Amino acid sequence: MAHSFYVTLPSNSSPLLYPDNTVTHYQVKLSQPISLEGQWEVGLAEMIYPHQWYNIDEECEYSYTVNGHQWWRKQIDPGYYGSMKEILELLETNYPEQIQYLYHEKTRRLEIRLGEGAQVRIKGRLAGLLGFQTEAPTVTQSMTLDRPLDLRRPHNLFVYCDIVEPRAVGHTRVPLLRVVNVRQRYGEDVSVIFTNIHYQSVKQKYFDTIEIDIRDSVGQKVPFVCGNVIVTLHFRLKRASQFV
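Counting in the working numbering, the sequence shown runs from 2 upward without gaps.
I should point out that these hints are in silico values taken from the structure, not numbers from a laboratory. All of these numbers come straight from a predicted model, not from anything done at the bench. Some hints here could point you the wrong way.
What the hints assert, rightly or not - Straight-line C-alpha distance at most 27 Å; calculated DSS-like pairs for lysine-lysine:
#, residue 1, residue 2
1, Lys86, Lys107
2, Lys239, Lys204
3, Lys86, Lys124
4, Lys206, Lys30
5, Lys239, Lys30
6, Lys124, Lys75
7, Lys206, Lys239
8, Lys222, Lys124
9, Lys204, Lys30
Let the sequences and hints guide you as you build the complete structure.
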């Protein structure tokens, strides 16, 4: 075997073997098993992905009450919301005097004004987009959010792979290949070629499948709506100087 080689992993491979594959999480059955001798490492050499995902998905929920007892749940249509005007329209209720949302342009913060007895509950990506630090907050009094509204989430893609040794990432150890910064505008296909590959130790000598899992910074699956991801890995034999 050569001292280095590439493996390309499209997300639409192996559909019959793995019908539950998605663009953000998939397994690929290799054309032939890989058997390694010695100590090897692998890194992300190239990634092609569609910058097409909803910033508000089907898991987002929005409900409200004006008396503290009866709650109404508002239908939220999944999609890409690209302006503050669209967000404010999304948050409108049948009680505009009791529940008001004000957007402050200079600070990019959202202010929520609630009348007596009024409350709102926000769940999922919508909460993070608006500036909440938790995924399912219940707001019981008027407030201005500490963080700015962020329509461009996620800003980074965390690419995990099942054949690499776990490494330290924050407070935990995970099989992370690399963090990929999101580029281009919504709707465009993105190709990233890495000249400074970050190599990780391969944890097994023999394998015939490889699993790729792409998440955002809080561990949620990236809700791609179309297209395919193509990940290219570069394997190389570790140099003797690395066995220290």
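Point to revise | Non-conforming hints, listed in increasing numerical order | key: Hints that this structure does not satisfy do not exist here, as all of them hold.
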